[in-house]
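S.K.: Here are the chains, one letter per residue:
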Amino acid sequence: MNNKPKIGVYVCHCGVNISKTVDVNELTEYAKQLPYVEVARDYSYMCSDPGQLLIKEDIKKNGLNRVVVAACSPRMHELTFRRALAGAGLNPYYLEIANIREQCSWVHKDKSEGTAKAKKLVSAAVAKARLLEPLQEKEVSVEPATLIIGGGIAGIQAALDIAGAGFKVYLVEKTPSIGGKMSQLDKTFPTLDCSACILTPKMVDVASHPNIELMTYSQVEKISGYVGNFNVEVRKKARFVDFEKCTGCGVCAEECRLAGRVPSEFNMELGNRSAVYLPFPQAVPAKYTIDPQRCLMLTRGKCGKSPKCADACAPGAIDFEQKDEIKEFKVGTVIVATGFDVFDAARKPEYGYSDYDNVLTGLEMERLISASGPTGGKIVLGKGEGEVIPRDIAFIKCVGSRDKSTGNEYCSRVCCMYTAKLAHLVKEKIPEANVKVYYMDVRAFGKGFEEFYDRVRREGVRYIRGNPSEIFKRNGKLVIKVENTLNSTPLEDEVDMVVLAVGLEPRKDAREVIDLLRLSQSSDRFFLEAHPKLAPVDTATEGVFLAGCAQGPKDIPDTVAQAKGAASSALVLMASGKVKVHAQISFVNEATCRGCGYCVEICPYTAVELVTVNKMGNEVLVARVNEALCKGCGACAAGCLSGSIQQKSFMDSQILQQIAVLGGK
Amino acid sequence: MSENLEPNVVAFLCNWCSYAGADLAGTSRIEYPPNLNVIRVMCSGRVNPLFVVNALQQGADGVLISGCHPGDCHYMEGNFYARRRFSVMKELLEYVGVDARRFNMSWVSASEGAKWKEVVSGVVDKAKEAGPFTEFRRNKIDW
Amino acid sequence: MINLEKIRDIAKNTVSRDDIKYLIGWRQGTYGFRVSPHFVRKPEEAEELIFSPLCSNNLATYLTLAEKRPVPRGQQPDTRKVAVMVKGCDSRAVVQQLVEQGIERESVYIIGCPCEGVVDQSKLEEKYPGTFGQVEARWENGKISLCFPEGKTEVVGEELLTQKCLTCRYPNPVLADINLREEVAARGNESFADVAELEKKSTKDKWSFWQDKFSSCIRCYSCRNVCPMCYCQECILDKLNPTWVNRSVNISENTAYHLARAFHLAGRCIECGECERVCPVNIPITKLNRKLTKEVTEKFGFEPGVDVEAKPPLVGYRPDDKENFIL
Numbered sequence: 116m117n118n119k120p121k122i123g124v125y126v127c128h129c130g131v132n133i134s135k136t137v138d139v140n141e142l143t144e145y146a147k148q149l150p151y152v153e154v155a156r157d158y159s160y161m162c163s164d165p166g167q168l169l170i171k172e173d174i175k176k177n178g179l180n181r182v183v184v185a186a187c188s189p190r191m192h193e194l195t196f197r198r199a200l201a202g203a204g205l206n207p208y209y210l211e212i213a214n215i216r217e218q219c220s221w222v223h224k225d226k227s228e229g230t231a232k233a234k235k236l237v238s239a240a241v242a243k244a245r246l247l248e249p250l251q252e253k254e255v256s257v258e259p260a261t262l263i264i265g266g267g268i269a270g271i272q273a274a275l276d277i278a279g280a281g282f283k284v285y286l287v288e289k290t291p292s293i294g295g296k297m298s299q300l301d302k303t304f305p306t307l308d309c310s311a312c313i314l315t316p317k318m319v320d321v322a323s324h325p326n327i328e329l330m331t332y333s334q335v336e337k338i339s340g341y342v343g344n345f346n347v348e349v350r351k352k353a354r355f356v357d358f359e360k361c362t363g364c365g366v367c368a369e370e371c372r373l374a375g376r377v378p379s380e381f382n383m384e385l386g387n388r389s390a391v392y393l394p395f396p397q398a399v400p401a402k403y404t405i406d407p408q409r410c411l412m413l414t415r416g417k418c419g420k421s422p423k424c425a426d427a428c429a430p431g432a433i434d435f436e437q438k439d440e441i442k443e444f445k446v447g448t449v450i451v452a453t454g455f456d457v458f459d460a461a462r463k464p465e466y467g468y469s470d471y472d473n474v475l476t477g478l479e480m481e482r483l484i485s486a487s488g489p490t491g492g493k494i495v496l497g498k499g500e501g502e503v504i505p506r507d508i509a510f511i512k513c514v515g516s517r518d519k520s521t522g523n524e525y526c527s528r529v530c531c532m533y534t535a536k537l538a539h540l541v542k543e544k545i546p547e548a549n550v551k552v553y554y555m556d557v558r559a560f561g562k563g564f565e566e567f568y569d570r571v572r573r574e575g576v577r578y579i580r581g582n583p584s585e586i587f588k589r590n591g592k593l594v595i596k597v598e599n600t601l602n603s604t605p606l607e608d609e610v611d612m613v614v615l616a617v618g619l620e621p622r623k624d625a626r627e628v629i630d631l632l633r634l635s636q637s638s639d640r641f642f643l644e645a646h647p648k649l650a651p652v653d654t655a656t657e658g659v660f661l662a663g664c665a666q667g668p669k670d671i672p673d674t675v676a677q678a679k680g681a682a683s684s685a686l687v688l689m690a691s692g693k694v695k696v697h698a699q700i701s702f703v704n705e706a707t708c709r710g711c712g713y714c715v716e717i718c719p720y721t722a723v724e725l726v727t728v729n730k731m732g733n734e735v736l737v738a739r740v741n742e743a744l745c746k747g748c749g750a751c752a753a754g755c756l757s758g759s760i761q762q763k764s765f766m767d768s769q770i771l772q773q774i775a776v777l778g779g780k
Numbered sequence: 040m041s042e043n044l045e046p047n048v049v050a051f052l053c054n055w056c057s058y059a060g061a062d063l064a065g066t067s068r069i070e071y072p073p074n075l076n077v078i079r080v081m082c083s084g085r086v087n088p089l090f091v092v093n094a095l096q097q098g099a100d101g102v103l104i105s106g107c108h109p110g111d112c113h114y115m116e117g118n119f120y121a122r123r124r125f126s127v128m129k130e131l132l133e134y135v136g137v138d139a140r141r142f143n144m145s146w147v148s149a150s151e152g153a154k155w156k157e158v159v160s161g162v163v164d165k166a167k168e169a170g171p172f173t174e175f176r177r178n179k180i181d182w
Numbered sequence: 003m004i005n006l007e008k009i010r011d012i013a014k015n016t017v018s019r020d021d022i023k024y025l026i027g028w029r030q031g032t033y034g035f036r037v038s039p040h041f042v043r044k045p046e047e048a049e050e051l052i053f054s055p056l057c058s059n060n061l062a063t064y065l066t067l068a069e070k071r072p073v074p075r076g077q078q079p080d081t082r083k084v085a086v087m088v089k090g091c092d093s094r095a096v097v098q099q100l101v102e103q104g105i106e107r108e109s110v111y112i113i114g115c116p117c118e119g120v121v122d123q124s125k126l127e128e129k130y131p132g133t134f135g136q137v138e139a140r141w142e143n144g145k146i147s148l149c150f151p152e153g154k155t156e157v158v159g160e161e162l163l164t165q166k167c168l169t170c171r172y173p174n175p176v177l178a179d180i181n182l183r184e185e186v187a188a189r190g191n192e193s194f195a196d197v198a199e200l201e202k203k204s205t206k207d208k209w210s211f212w213q214d215k216f217s218s219c220i221r222c223y224s225c226r227n228v229c230p231m232c233y234c235q236e237c238i239l240d241k242l243n244p245t246w247v248n249r250s251v252n253i254s255e256n257t258a259y260h261l262a263r264a265f266h267l268a269g270r271c272i273e274c275g276e277c278e279r280v281c282p283v284n285i286p287i288t289k290l291n292r293k294l295t296k297e298v299t300e301k302f303g304f305e306p307g308v309d310v311e312a313k314p315p316l317v318g319y320r321p322d323d324k325e326n327f328i329l
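Residue numbers (our numbering), protein chains in the order written: chain A, 116 to 780; chain B, 40 to 182; chain C, 3 to 329.
No lab work stands behind these hints, which were simulated from the structure alone.
What you are looking at is a predicted structure, and each value in this text was computed from that prediction instead of being measured.
We put the beta carbon where it would ideally sit given N, CA and C, even for glycine.
You may find that some hints are simply not true.
As the list claims (entries may be wrong) - Here are some chain B residues pointing at chain C (derived, C-beta under 10 angstroms): (1) 69; (2) 71; (3) 167; (4) 175; (5) 177.
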């Protein structure tokens, strides 16, 4: 049934956002005389209820079968107006939006120029609207399981929430234990909670929850599919320790020939471990792992007469023949909670991090202060006989953050508070210490943060406003060269120890995750969220969510909140059990398709395949689109020489109409 | 008939990066010349190189295709295909004697509102320098 | 040496096979230097087959005809093979068609005809105007011997060969089921000199050059009809819905037509030169197509019609493709 297009054009004033620089009345009058336009109206806020009512009533009264809205960007309100059409009984894909705000009224000050351009944009939208076709949104089912990549506090929290709601969770962590950076902290600001004390109960919950399948020392190798139906392949790396047999008793680590000789990553290489190790005492799972880069048996093929760990292990859990295991499973949603890396202080050579042992990063200081750290919680310089307690300790903030020269223009958000916390802990452990903090600003924005900062200053920590230019050694002391900008005094402060408040950076292996899921990066190189204000946990890929520092620097309360947000987003999909498939996908005109296979090669989602059909008696190949896989990019349509494969709502016929209008004068 | 000396540029912007970047320029109230009109597509890979020929024939003095930076395409590979196709189409147009200043391609990400202004200004300036492209225009018959 | 007896025998045997529908070859044309395609369905018809320096026709263009013919109701499609005689350049068209699955390998029987070069018919007619009796030709010791009807024989050299033959790198078919003669040495190397010459001109000069040529175009579509790579059931340049290019014959539409066709041939044109041969108004179409062949070769290292397994350049990409033209 081919009915004549009856187009309604609606021009929005958007208050004065549009009407200030585009003459909306002139535009509406212009729209009235465009071909096939039945009615043209203008209104102050088209997206409001009364605005939408205008459209709905016109559809019913005037029998409109196409709608053009000239307003803000379709990225803003396309969904709103689609719903309005659906509400009036018109297929929601009969809508075309002309962007006369973000790309017109807001960027052109001259009213006559703005109006002329708006007329062209509306005319092009009308020309395209004439050729729009009704589209159906199909549904696919959603697998009631989630993959969470990353076992830090973000991953842990999201896992607990989703599992608690009754859905299956696969939590994959690269290192031998979950816990992430939070497990390396001593105390957390501003409450001074012991980090391990608040974290380990959650870690244990994860391990014991029936709905959570924990895969540590594992990496996601491949993810294919689409929302609701992701196929995941995980490589469980060989620990060379039998998971079932290991009791976590630790005798193997004591006996290991390399005991105390392998730098411990957990202790930021300030302390050592064995080749067979548990990353930290409260590790979950409490199963030992053999380091394949260091273990003599694995690197050289022999360890003395026989490996001491195997000899010492009563249950016989050591297994040098163990192989990696590949596990494949299906999930409906994915949460990326891969965390961050700390800024490498060696990239600020003026601070002497690589040159002097007494210059540490915040995280290294954290390990020093921690009771389970390499010094048992003592803040000391040197070892053994040369051990000395530092008296003058300085903190330098904004190292590697807010710094164009290191490529990190952003603020890392946590450093002001962790500096205050570390300063407080230093004063607690060494009451007579002189603690100074060199700052550009103090950002104590959160709940209890300002109060904590006050307390720390009252405890005697001195805050000096100035960004040190260099640190050098003189007569056995470290000298900080800095200007106190509040009284314009150049200083050369002599201290025993400097702690650099290093910022947070995206992980160095972020590219691997990006390639798995086609994530984007924002300009600060953290993963890009779908919308910075309104969709901070979504990504551009449906069904894939972000949580924690993977999306941007943040502290623990914000991370937990975001993890809960991501879990909730995943639950929305899984609880409803189904998700709508894109409507603006490709389709093939089999009559003209000559089966050359160009579209099949081009499609990034392998959504097109060649099938044999009978065309007028001949068995020939033609292309066919798998509607569940097609994401609607249109790359196939641009590569088709016969124009047989087209993208709905972006067909050649529709775009050529737009070109005809916009190209002309 | 006096020819309007303001150039007319037709641009194809991908929804996820360049169109968003152009929106950001708007949200940031960054001003730029009004000579460029946008056709929204979901991906720069959707842009059939023959659209460029058609646009010039319909009366555009310049054409721009803008997409996501390589590696960041929302659909993984669309912009790689666009890059290849247009590296060839560009050569063809120049070989036939179409001023090279009329064809442009750019990568503008969703966060590059400022870059969008630079791109538009640059493209419009180039089209202005090249002058009105009347020689290829389709003859519209005035019945 | 060409042994016409041997060629005709092979053809007769081929056509007699159960699995061969018909054979496409060449035979003498109706007058002068003309040569016609010859569809041999019965062994006797093979007597008229020839293979000579006059055989410019690229017979590969007929291979894709088969899919266009509807099967009458009640009949089964005839899935027997089609045998085709191809020179070196022609065989590249077959390979490219195989790459694009326009035909299937099992549906074609390729008879390879290593070729020492074909003459440019227009040059011949210029040298010997008014020749209406049928002329025979032969390759002889690197030259071409022409036998005129009145009994006269003339020997001509390379200067009468088509431009493409002078730089031919594929005189021997790149893919064949059987070859009619021993391999021939390649004549030249590709340097795209003709393209480079035009590239040097200024933008204005290029535009006037091509506008002058396109303005003579009468949109007869001979170029498209003869091209082995143009086999879409409905060419987009003919479509009305949507209309890419109007059918009116004026300089704007003509330019758009040629640009569009050239672009669609990018990475597919195998430079058989047939388009230029059949153009009634002498538009140097190969000069246009070869520009894109040059680009595709230089930018993507791809040569069409040489490797059946190769992936066409525009359906692939490399992460390090050049982008110095992108802002």
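S.K.: Now tell me if each hint is right for this structure.
M.R.: Verification of the hints:
no. : hint : result
1   : 69   : 17 angstroms, violated
2   : 71   : 14 angstroms, violated
3   : 167  : 16 angstroms, violated
4   : 175  : 6 angstroms, holds
5   : 177  : 5 angstroms, holds
Checked against the numbered hints above, the structure violates hints 1, 2, 3; every other hint is satisfied.
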